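Undergrad: Dock chain to chain to rebuild the complex, using the hints, since each chain is given by itself in its own frame.
So the sequence lines, in the order shown, correspond to chains B and L.
Going by numbering that gives the first Met the number 0, the first residue of the first sequence is number 0, and it counts up by one from there.
Going by numbering that gives the first Met the number 0, the first residue of the second sequence is number 0, and it counts up by one from there.
Because the hints were derived from the structure by calculation, they are not lab data.
Values in this document were obtained by computation on a predicted structure and should not be read as measured data.
Careful: at least some of the hints might be erroneous.
To be verified - A few chain B positions that, by computed beta-carbon distances, are all more than 12 Å from chain L: (1) Ala-24; (2) Asp-56; (3) Gly-176; (4) Trp-208; (5) Gly-262; (6) Lys-266; (7) Asn-270; (8) Tyr-271.
As the list claims (entries may be wrong) - In silico BS3-like links for lysine-lysine, alpha-carbon gap of 27 Å or less: (9) B:Lys-54 - L:Lys-537; (10) L:Lys-537 - B:Lys-50; (11) L:Lys-498 - B:Lys-54.
What the hints assert, rightly or not - Selected chain L positions facing chain B (Cβ under 10 Å, derived; list incomplete): (12) Ile-28; (13) Ala-330; (14) Gln-451; (15) Lys-537.
We put the CB at the ideal spot given by N, CA and C, even for glycine.
Spelled out, the chains give:
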Amino acid sequence: MASETAQGSFWMPPEASTFAGDVDALFDFIYWLNVFFFVAITGAIVYFAIKYRRKSDDQLATSQVGHNTLIEAAWTFIPLLIVIAIFVWGFRVYLDQSVAPDGAYEVKVTAQAYAWSYTYPDGRVEQELVVPEDTPVKLVMASKDLLHSFFVPDFRVKSDVIPGRYTTVWFEAKDPGEHIVFCTEYCGSGHSAMMSKVVVKTVPEFEEWLKSSGPPDGMSLADWGAQLYTGAGCAACHSVDGSQRVGPSWKGVFGSERKMAEGPAVKADENYLRESILQPLNKVVAGYPPSMPSYQGQLSDAKIDALIEYMKTLK
Amino acid sequence: MATTETLDHAQEVSYLGAKKGIMSWLVTIDHKRIGVMYLASVLATFALGGILALLVRAELWAPNLVAGDELFSADIYNRLFTLHGLVMVFLFIIPSVPAAFGNFVLPLMIGAKDVAFPRLNLASYYVYVIGTVMALYATIAGGVDTGWTFYTPYSASVSGPVVMMVMAAFVLGFSSIFTGLNFIVTIHKMRAPGMTWQRLPLFLWAIYATSIIQVMATPVLGITLCLLAMERAMGIGIFDPALGGDPVLFQHFFWFYSHPAVYIMILPGMGIMSELVTVHARKTIFGYRAIALSSIAIAVISFLVWGHHMFVSGQSVYAGMIFSFLTFLVAIPSAIKVLNWVATLYGGSIQLNAPMLWAMSFLILFTIGGLTGIFLGTLATDVHLHDTYFVVAHFHYVMVGGTVVAFFGALHHWWPKMFGRMYNEFWANVSAVLFFIGFNVTFFPQFIMGSQGMPRRYYNYLEEFEIFHKISTSGTWLIGLSFIIMVVYLVRSLTSGEKASANPWGAKSLEWATQSPPIEHNFHEIPTVTEGPYDFPKAGGK
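If we strip away everything but chain L, and leave its shape as in the complex, we get (with noise of 0.2 Å):
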């Protein structure tokens, strides 16, 4: 450990304690209190996301056979899972980590007081609130039922506040662009005499890949979307074919964002889990170099994969062809990480508490996610699981089971450094578990039931595919009980929890060195680093 100084003074009082008042948490320019602020409104839009997703799925309880079936018209359908879709993914996934956990603990994992740029974090936040508000209002407005992909010609001549939605998203990105910038210098430039690149955490590798990403990926969605807001608002043709544009088109550009935007939601996801394998097993990480050097492999061979969303799009046969092979290709960095934090555990001595039950859905749901990608990745399967439920559960075990388990296990493992305060060990566990179940359960059955060829995003169904879908709606109801339980004993913890010490896990990474929660400026003085994040005792000495 780099220093053990802090933890000698007396409790003082704690960037929560330091300024009083609503207005000293709106102003704030302070890493720490952005970083709750953020952790507050995605946990917001995760909820509302959640109960979008428990609405879609009671609608597909049973088909609808005759008149009055139906919980909701097709219309309403149709919006309820596009807003499921746009509130998870630019509301929720891509800020959550980044912009709720990076902005807490990056600078105190440097041993820096703040981020370079304060004010443009703060800036961040308030654009991210502004595209929100846009967002709702279009949904108040009538909503839209482009699907969050927002496909042309669909989405330019539906009628609906589709321009205010992808105002929303446009809006949205920057406040992603922001956030990257800030952690790229940030990283740069701050970091404490001793933290060298090989001593950098490695969830701080995944943030700044993902940094990039944002940066590089961002403005090309901004561009597609102002694009189809210029079809739609002045009828200028470049998607629309009735006016010389080609629908294609919006695909590749879509997906030249998106495709690296699932990185964007996944890489720190992976971040966290090297923390969590590591602090929870007293274990240092196995291939350091191998995981910082793939988080980088994934950002720039992510930048050649999006043609294999449209393997059955009418691209070439060659198209195909290359991109099929470039995707197999970023899977290797992937499967290299997984197999890194198994071979982590061994001779470790593990804690099975909840960030590191969390830490093992991840694992398992992941490499579910993962391997089922295999089958979409190779062009003559894709072509029968295309657009079904196969890629719904795919993509579900690899965003939901990667990335919102890794970020509940982040919840869990920095929570007692946020707020200073543990939570009930006994229900953690058992909502984690409980998660863990819930998650199979719903997603699972939709492996089978897309094989056997039942379409995505389907209002109604044939009844062979009822069982299926029973499955499926049952299990959402073992997630939201999981999450209820979870918000019931983490507001216990914030009203009556055990006071955390300053490094409860036995961690070694620089936040666990300031006090639970840290100061306002993090550090007394800017800590000397001398050793790397990992650097675990064995048993017996070393």
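Isolated chain B, as found in the complex (with noise of 0.2 Å):
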């Protein structure tokens, strides 16, 4: 999870965003506000236990006030000033975190049970979310099904994903490298296999990236497809070693001889898989609950092609 550049404290991931470090600067005074009242407290309950602890069955209490006003008053007002200061601290970052900068780098997000994907604006499709450094990103989501919510540690971004509506976050990137996504909303079986992640690269290779199609460079088609096996979300319900999940294991599948829920059987080959993936409901394998959600508009057609590859390596 750690970005190359910089160290996680005990506490709290990486401080890879540009405001990640107010949000620390804010959570640290807190931690050692209550660091101070729970020594204070424990301390009092301790030393109170130990010195006015009984020590013969008719031992009276040597005290018996009921009430003081100005030390009653004093704890209700202190706390109440400490806590209306940390409240303004804490709506203060949080506008930044809210308010994205004009003219930020805006990239569409989709959640769907069980993967993220990211929209540019020239209508390509990604796994990963791939963002130039030190340049405001501005995400616009919507879930095609569920709640979900996007969830990036090191950046210290959350924002619930819900279907028929758009909810927004932003962040500036410090620095080159991987940072985790996690889904955060309960979303059912494939909830914590929800996962993505964020590729951080300087701004020249960013364009260069964005200008680019296929596989990365020097990785085959089917190891391109191992890639997205987990980054398109496919890992959440197929596995790959004939384990049960969800959906049918992918070991072996290709060639096979498919018993369809309804209808004939079908052999899965090339047209199957690629129907299977974008029209996942038309043909379903029996012994399965029609449950995939369609892929069409998610994955280019390279892709695609990637996934069939290496569905085939899995013998």
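TA: Shown next, in the form of structure tokens:
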């Protein structure tokens, strides 16, 4: 999870966005306030427990003081002032987190069970969020099915992603590197596998990347397919070692005879596999729920080719 | 003390022996017997919820790296954590203190013979049983994996007996309302002569505030769950965007009940604290008026803070601002109470027995729970921490470290009164200390992994979080051991414990003015109250 340039602390992951440091400064302030009050309160309890411990059965209390207006006023108004200060501080940082600067680079984020995809201004769709460093990036997010939540711990950003409504987050990444994306709104069996990556590149690298298509340099089509298998969320429901998940395993699937829930058996060739990715409910394998979402518009033709190439290697 | 008249009588037939046979329990309208039936029921549901927690933590012992690593499938795991939440919230915590101890001691504490509506009281128990059976049926019929929060659109679209489970929660709500209504009327109308509001034990102020929330907030949950059931069963579009509904609306409705419900869960625990720290330190409460009024303040403000569950749900920046501010306001009355209890210990005669050890555990754990809440009420830090294990740790420190610890403090405090026997003091202390250690081992690492980014409700996780999960899971075994010890010494107490006197702790409130266990009608004659519940003597005279 750590980027190459920044280390996390005991409590917090690395600070990889411009406002991560502001969030952490407030976190640290509250933390030390907590430590102070905890030590004071626990210290008082332990001290009283030792000093006023009952040593004989008939020992009575040495004080019966029922209240003290000065003390009570102090511990009402001093904490009140402290929390109001924290509230104001928290709101100011939150405003920075919430309002993207004008002219931020915009990427559309689509969530569906159980994958993230990122649509760029030129229409290309990716399974990893590639962004330039030192540039404000604004994500406009929507869900195709359930509630999801987009969380990048290293950036200190999080927002629910909702069907039928847009939500946004923004960040400015400080250095090149990779950062994990979690789904943090419970969405069923594949929730904990619904992860993705933010890849921060230098501005020239990013612009070069924007022009490229097909597999990354030096990578075979099948290897790219293996990368997409986790990147596009296939792994949440399909294993590659024959073990049982929500959908059929990919092990040995290519070229095999598939029994359908309805209709005649089908041979799993390129055309069937492509159809199953784009219109998964047309032909559902017997014994599995008709629950796979369509990847129409989520995966380019080149990527579908790569996935099928990868399946061919899983004998 | 109001009256010691009853103490002079020879031991008489108690409520336990007044009538014989199973039917005398099942149709009883004696608040004490209903309290005992509730106590047995909530202890059973607590055991069930606890076993579910052990299973959840067992699965999380190690990440699943290759096929065959897993103890359960993702679908089973999701059902386990959902049921753990549902059982602990709806079947255990909400009824625990009010229905078990409230029922037993409330009429005794105000010097009454029973609650205002004894038959409604019995009805509330059977409504609770029906709701519990419905929830268990839904569990056997496939279980639900929606999380205890039933968020739409997942809960509206997933297969399984969601409607049955939702209806179980709906029915349980009525049990809660009946109990609340009964207590409000009883406290208003049935106090003994001289039992003024300023002499009301603080446990009852807390129960009174709780009852107000129960009566006012629970219907909102009922309506919300009905709307969800209608959407699932009839396709009426309220929350589903495909039908023109709004999925976030459900969260508003749900938390409009469930945030006040947090105070339904914690206020009775706070009430217990006021009894434990006074009686077992022979000390008058510090700041009676502040504690009583803060209960009412919490009850009122708790209705205005639900939006702090939704800072990252897409609500507006300004809604977030207002809810954050109000959240800090509701924190103050809770902080005042903690400081008052600590101050109460000053100059006391502190007996380090089981009730006091549980009380001190509460003070320490609830303080951690409350202080860590500041991170979550603060907008900027909540964005990072929301829906991570930090939140899981926080609410377990409040709900378990607060309410559950207070519940077991109350169990040890009122046990001699309820059953007329003492328990083994040594093992009771061992159990309390073991729980305190086990609890911290379980939940403290969750703060760290949460702020490091570990999301909650995850079946599987990245290897870097493994060490925290391992420590956390091992803590649950210590907690389990502490409860096994407790079961053993409490069962032994019932069968062969030393007989308890009417007032083994030297307490001042009225439930200790009748014999242990109490006679069927509580008091021979209605006592007259002349002193406050915490008027303990001072060394060397007044």
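Undergrad: Against this structure, judge whether each hint is valid.
TA: Evaluation of the provided hints:
Separation of Ala-24 of chain B from chain L is inadequate, the least Cβ-Cβ distance of about 10 Å not exceeding the 12 Å criterion. Not every beta carbon of chain L lies more than 12 Å from that of Asp-56 of chain B, the smallest distance being close to 9 Å; the non-interface claim is violated. Remark: the non-interface label on Gly-176 of chain B is consistent with the geometry, its nearest Cβ contact in chain L lying 15 Å away (cut-off 12 Å). Every CB of chain L lies more than 12 Å from the CB of Trp-208 of chain B, the least distance being 26 Å, so the non-interface label holds.
Non-interface call for Gly-262 of chain B relative to chain L: holds, since the shortest CB-CB distance, roughly 23 Å, exceeds 12 Å. Listed as a non-interface residue, Lys-266 of chain B keeps its Cβ farther than 12 Å from every Cβ of chain L; the least gap is roughly 26 Å. For Asn-270 of chain B, the requirement that its beta carbon stay farther than 12 Å from each beta carbon of chain L is met, with the minimum near 29 Å. Consistency note on Tyr-271 of chain B: stated as away from chain L, and its beta-carbon is indeed over 12 Å from all of that chain's, at 25 Å minimum.
Taking the CA atoms of Lys-54 of chain B and Lys-537 of chain L, the gap is near 16 Å; set against the 27 Å cutoff, the hint holds. A hinted pair counts as satisfied when its Cα atoms are at most 27 Å apart, and Lys-537 of chain L with Lys-50 of chain B qualifies at roughly 17 Å. Distance hint between Lys-498 of chain L and Lys-54 of chain B is fulfilled; the C-alpha atoms sit about 24 Å from each other, no more than 27 Å. At a threshold of 10 Å, the smallest CB-CB gap from Ile-28 of chain L to chain B is about 39 Å, leaving the interface hint violated.
A distance limit of 10 Å between C-beta atoms decides the matter here; for Ala-330 of chain L the minimum to chain B is near 6 Å, and the interface restraint holds. Because the beta carbon of Gln-451 of chain L sits about 6 Å from the nearest beta carbon in chain B, less than 10 Å, this interface hint is met. Interface restraint check: Lys-537 of chain L against chain B, minimum CB-CB distance 5 Å, threshold 10 Å, status holds.
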